[in-house]
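J.: In order, the protein sequence lines correspond to chains A and S.
Read left to right, the first sequence gives residues 154 to 599 (our numbering).
Read left to right, the second sequence gives residues 37 to 384 (our numbering).
These are computed hints drawn from the structure, not numbers from a lab.
Hints are not guaranteed to be accurate.
Said to hold, decoys possible - Derived coverage of chain S by chain A (criterion: at least 3 residues anywhere in the stretch with Cβ under 8 Å from a Cβ of chain A; other residues may be distant): (1) 47-53; (2) 56-66; (3) 143-157; (4) 368-378.
Glycine included, each C-beta is placed from N, C-alpha and C at the ideal position.
The chain contents come next:
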Amino acid sequence: MGLFDLFSGLKTFAHGIHPPYHKDTADKPIRRLPFPAQLVLPLDQHIGKPAIPLVKKGQEVVRGEPIAKADGAFSVPLHAPATGRVRGIELMPTPKGPKSDAIVIDVYEGSTQEVLWKQPREMSELSPAEAIQAIQETGMVGLGGAAFPSHLKLTIPEDKTVDTLVINGCECEPYLTCDHRVMLEHPQALMRGIRYAMRATGTTQAIIGVEDNKMDAVEILRNHLPKGGAIKVEAVETKYPQGSEKMLIKSVLNREVPAGGLPADVGVVVNNVGTLAGLGRLLPEGEGLIERVITVAGPGIVKPGNYLVPLGTPIRHILEQVGYEGSRTEFILGGPMMGPAVSAMDTPITKGTSGLLVLNEPSIEEESHKIWPCIRCARCVKACPMHLNPSILGQMAAKRKYEEMAEDYHLNDCFECGCCSYVCPSNIPLVQYFRIAKAINREQVA
Amino acid sequence: MSKKPTIELRTSPHAHAGGDVVRIMRNVVYAMLPICAFTIWQFGLSALALLVVVTATCMASERLFNRLSGQPSSLGDWSAVITGILLALTLPPGFPLWMGAVAAFAGVALGKALFGGLGMNAMNPALIGRAFVQAAFPVAITTWTPAFFEGRFTSFVPTTLTPPFLQPPAIGDWVSSVTVDAFSGATPLALQKFEGIQMDTLDMLLGTTAGSAGETSALLILICGLYLAARRMLDWRIPVLVMLGAAVTAGIFFLIDPVKYPDPLFVLLSGGLMLGAWFMASDMVGSPVTPLGVVIYGLMIGVLTVIIRLFGGLTEGVMYAILLGNAATPLIDQLTQPRVFGEQRAGK
Numbered sequence: 154m155g156l157f158d159l160f161s162g163l164k165t166f167a168h169g170i171h172p173p174y175h176k177d178t179a180d181k182p183i184r185r186l187p188f189p190a191q192l193v194l195p196l197d198q199h200i201g202k203p204a205i206p207l208v209k210k211g212q213e214v215v216r217g218e219p220i221a222k223a224d225g226a227f228s229v230p231l232h233a234p235a236t237g238r239v240r241g242i243e244l245m246p247t248p249k250g251p252k253s254d255a256i257v258i259d260v261y262e263g264s265t266q267e268v269l270w271k272q273p274r275e276m277s278e279l280s281p282a283e284a285i286q287a288i289q290e291t292g293m294v295g296l297g298g299a300a301f302p303s304h305l306k307l308t309i310p311e312d313k314t315v316d317t318l319v320i321n322g323c324e325c326e327p328y329l330t331c332d333h334r335v336m337l338e339h340p341q342a343l344m345r346g347i348r349y350a351m352r353a354t355g356t357t358q359a360i361i362g363v364e365d366n367k368m369d370a371v372e373i374l375r376n377h378l379p380k381g382g383a384i385k386v387e388a389v390e391t392k393y394p395q396g397s398e399k400m401l402i403k404s405v406l407n408r409e410v411p412a413g414g415l416p417a418d419v420g421v422v423v424n425n426v427g428t429l430a431g432l433g434r435l436l437p438e439g440e441g442l443i444e445r446v447i448t449v450a451g452p453g454i455v456k457p458g459n460y461l462v463p464l465g466t467p468i469r470h471i472l473e474q475v476g477y478e479g480s481r482t483e484f485i486l487g488g489p490m491m492g493p494a495v496s497a498m499d500t501p502i503t504k505g506t507s508g509l510l511v512l513n514e515p516s517i518e519e520e521s522h523k524i525w526p527c528i529r530c531a532r533c534v535k536a537c538p539m540h541l542n543p544s545i546l547g548q549m550a551a552k553r554k555y556e557e558m559a560e561d562y563h564l565n566d567c568f569e570c571g572c573c574s575y576v577c578p579s580n581i582p583l584v585q586y587f588r589i590a591k592a593i594n595r596e597q598v599a
Numbered sequence: 037m038s039k040k041p042t043i044e045l046r047t048s049p050h051a052h053a054g055g056d057v058v059r060i061m062r063n064v065v066y067a068m069l070p071i072c073a074f075t076i077w078q079f080g081l082s083a084l085a086l087l088v089v090v091t092a093t094c095m096a097s098e099r100l101f102n103r104l105s106g107q108p109s110s111l112g113d114w115s116a117v118i119t120g121i122l123l124a125l126t127l128p129p130g131f132p133l134w135m136g137a138v139a140a141f142a143g144v145a146l147g148k149a150l151f152g153g154l155g156m157n158a159m160n161p162a163l164i165g166r167a168f169v170q171a172a173f174p175v176a177i178t179t180w181t182p183a184f185f186e187g188r189f190t191s192f193v194p195t196t197l198t199p200p201f202l203q204p205p206a207i208g209d210w211v212s213s214v215t216v217d218a219f220s221g222a223t224p225l226a227l228q229k230f231e232g233i234q235m236d237t238l239d240m241l242l243g244t245t246a247g248s249a250g251e252t253s254a255l256l257i258l259i260c261g262l263y264l265a266a267r268r269m270l271d272w273r274i275p276v277l278v279m280l281g282a283a284v285t286a287g288i289f290f291l292i293d294p295v296k297y298p299d300p301l302f303v304l305l306s307g308g309l310m311l312g313a314w315f316m317a318s319d320m321v322g323s324p325v326t327p328l329g330v331v332i333y334g335l336m337i338g339v340l341t342v343i344i345r346l347f348g349g350l351t352e353g354v355m356y357a358i359l360l361g362n363a364a365t366p367l368i369d370q371l372t373q374p375r376v377f378g379e380q381r382a383g384k
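Please work from the sequences and hints to get the whole structure.
T.: Here it is as structure tokens:
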């Protein structure tokens with residue numbers, strides 16, 4: 154593999170895997186779905202402090218209106234995705250697992266798809282600090298799945314300087330094509346968002362990294378590049394997890410983010426294409442993030458595609474609209490490598506949800522194979538993009554030596570991409586072990 | 037939406053490459069079948085009986101230890117079959133069957149069950165079994181049979197059917213009665229080491245020489261090994277490095293004294309080097325997992341093999357070299373942990 158990479162001339166990182174990509178929805182244009190009767194908007198859709206509700210039970214809200222405000226700097230506001238009446242603030246299921254407080258809105262029938270609440274502004278008049286403020290007001294978070302507040306990501310720590318904005322258009326998870334469609338359909342919004350982000354961070358160059366299975370997107374983006382050459386598009390090898398921040402920085406810049414460090418440590422700030430295209434559209438209008446594009450796909454979906462859905466849409470509504478089949482199914486929010494499986498059909502689409510996958514029996518069957526002993530085949534060692542030793546880590550996890558795993562074998566550098574579990578011929582749930590080990594270690598510290 | 041589906045809940049990843057251990061093991065068995073067929077063609081009924089008895093004993097022993105430890109049967113993972121076939125291939129074709137059974141039992145018991153079964157064993161069980169009988173029955177394990185003797189498909193080599201717990205009879209008379217050419221009862225390695233006679237390279241390549249059941253045809257072993265490597269069920273680096281280590285070491289000595297020491301090609305083609313390199317050193321369980329570790333391990337086995345061959349009392353060193361490599365593996369792994377992504381090198 155290593156040899157092949159050398160000759161292919163494509164930029165890439167070492168290790169990783171090549172799962173079947175199933176990008177069957179890549180040619181499906183983004184379409185709207187009808188509004189659901191009810192929207193469920195968890196207050197903690199982002200990483201950080203939950204938002205504080207601004208609305209009361211029974212209150213009417215219009216599409217686009219703020220319904221919850223940011224709780225300090227480490228938080229973002231929420232906006233009403235549709236016109237309707239607040240049913241209340243209730244404990245509802247979330248993609249993360251445990252239930253949490255959510256604003257539930259009964260949507261008026263025939264609610265307009267026009268955004269009624271906006272504050273247009275001239276972006277070029279804003280200072281970087283004001284721009285960051287404006288970004289926070291949109292409620293934007295990393296739409297690639299991390300849901301990290303964008304204004305925080307674009308705020309460079311005072312002791313660091315960054316020179317490069319890397320825009321992540323890899324979309325390395327199988328099935329997902331929403332970022333691909335955004336690049337194809339909204340290149341101008343993306344370029345605007347990139348300019349805003351460059352100004353806010355003071356970076357002088359920007360590189361859009363796109364996997365080479367999306368050459369049509371590469372071409373369209375290249376055609377929309379502004380003059381001057383500050384922004385460029387780089388095709389990178391199609392390989393999972395190319396879309397991980399650290400891997401992509403290594404691929405396009407050959408810089409290695411130090412263990413435990415941030416991209417800013419090597420002068421880089423990374424944003425997802427969907428996020429920046431969103432900012433490019435929302436910022437000049439002064440609108441909030443109220444809807445997003447998700448890929449609905451998988452063998453169990455009748456009408457797979459890329460859909461623009463209001464935040465808070467319960468997955469039940471989406472599945473009713475697109476149809477699904479299968480008696481034993483698995484519902485996954487996000488991609489199959491890292492996305493959580495959900496059990497409740499009331500679980501809403503949140504800011505960080507990039508896809509809804511329905512995998513049916515055969516795909517499930519395949520992984521429920523018996524667990525065999527580790528035969529030390531070293532496939533996990535060759536797959537781990539962080540160059541850890543999952544083989545030894547797995548054996549230590551079985552013996553519950555969690556602290557030793559972190560101290561001697563770099564457990565905390567694992568970002569849970571799942572390559573190890575994917576390749577293991579013995580079906581050992583390696584990354585699952587590591588998640589438990591990390592959680593237990595965190596509890597020990599707390 | 038009329039009938040409610042069963043919702044499965046699992047943590048990610050929800051995709052899997054699909055290749056499982058059983059498939060790898062089964063393919064190793066497939067890859068050894070041509071070697072088995074060749075040895076049966078070469079040595080007849082005795083080789084067949086040895087293969088069957090040794091493999092069956094390995095499987096029975098595996099099952100016995102499953103029972104004793106209260107574990108479900110692990111025969112389904114095919115590893116006992118691999119151990120059996122490999123062990124049989126390393127024994128002289130006329131090896132008494134009861135001794136073969138002892139080797140099989142010792143290999144599974146001491147080499148595998150003792151450590152906790154598949155994946156836990158430090159060393160290759162087949163080689164443990166062979167080392168056991170090498171120590172226990174030094175004469176029988178160096179008694180060789182000529183290849184392609186007449187009547188090999190209708191009668192056994194006299195030693196094969198030795199009654200249990202008895203030593204095999206001397207077969208000098210039998211050998212001279214079945215061969216036309218003068219068979220000295222020696223393998224290419226012994227001929228070279230003790231009498232300074234070098235076998236024809238082509239004979240060793242094709243395997244028309246005396247030797248352990250499955251070790252004679254270097255070419256056939258190479259092809260079978262390459263099949264596994266092509267299917268990515270064998271780390272090709274290990275056999276290649278073993279061969280490289282052996283060839284370079286042998287080459288140095290050959291340059292020093294071409295009369296006394298054999299040439300590198302001979303070293304590669306003779307004895308159990310090919311079988312050991314492709315099917316035993318490459319055993320995943322006993323070899324390192326780190327990239328650098330694999331290099332050290334492979335070269336070490338190659339070098340040790342030649343050192344033992346040239347300076348040891350035995351003619352063949354592959355077995356002990358691999359066992360030593362297996363023994364060093366945990367240490368090698370520990371010392372060659374790869375640099376983690378983003379980890380600062382010392383002094384930086």
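J.: Now look at each hint and say whether the structure bears it out.
T.: Hints versus structure:
1. Figure legend: the region 47-53 of chain S, annotated as covered by chain A; annotation consistent (7 residues with Cβ-Cβ distances under 8 Å, at least 3 required).
2. Check on the region 56-66 of chain S: 5 of its residues sit with their Cβ under 8 Å from a Cβ of chain A, so the three-residue criterion for coverage holds.
3. Under the rule that three or more residues need a Cβ within less than 8 Å of chain A, the assignment of the region 143-157 of chain S holds, with 4 such residues.
4. Only when three residues or more bring their CB closer than 8 Å to a CB of chain A does the claim for the region 368-378 of chain S stand; here the count is 7, and the claim holds.
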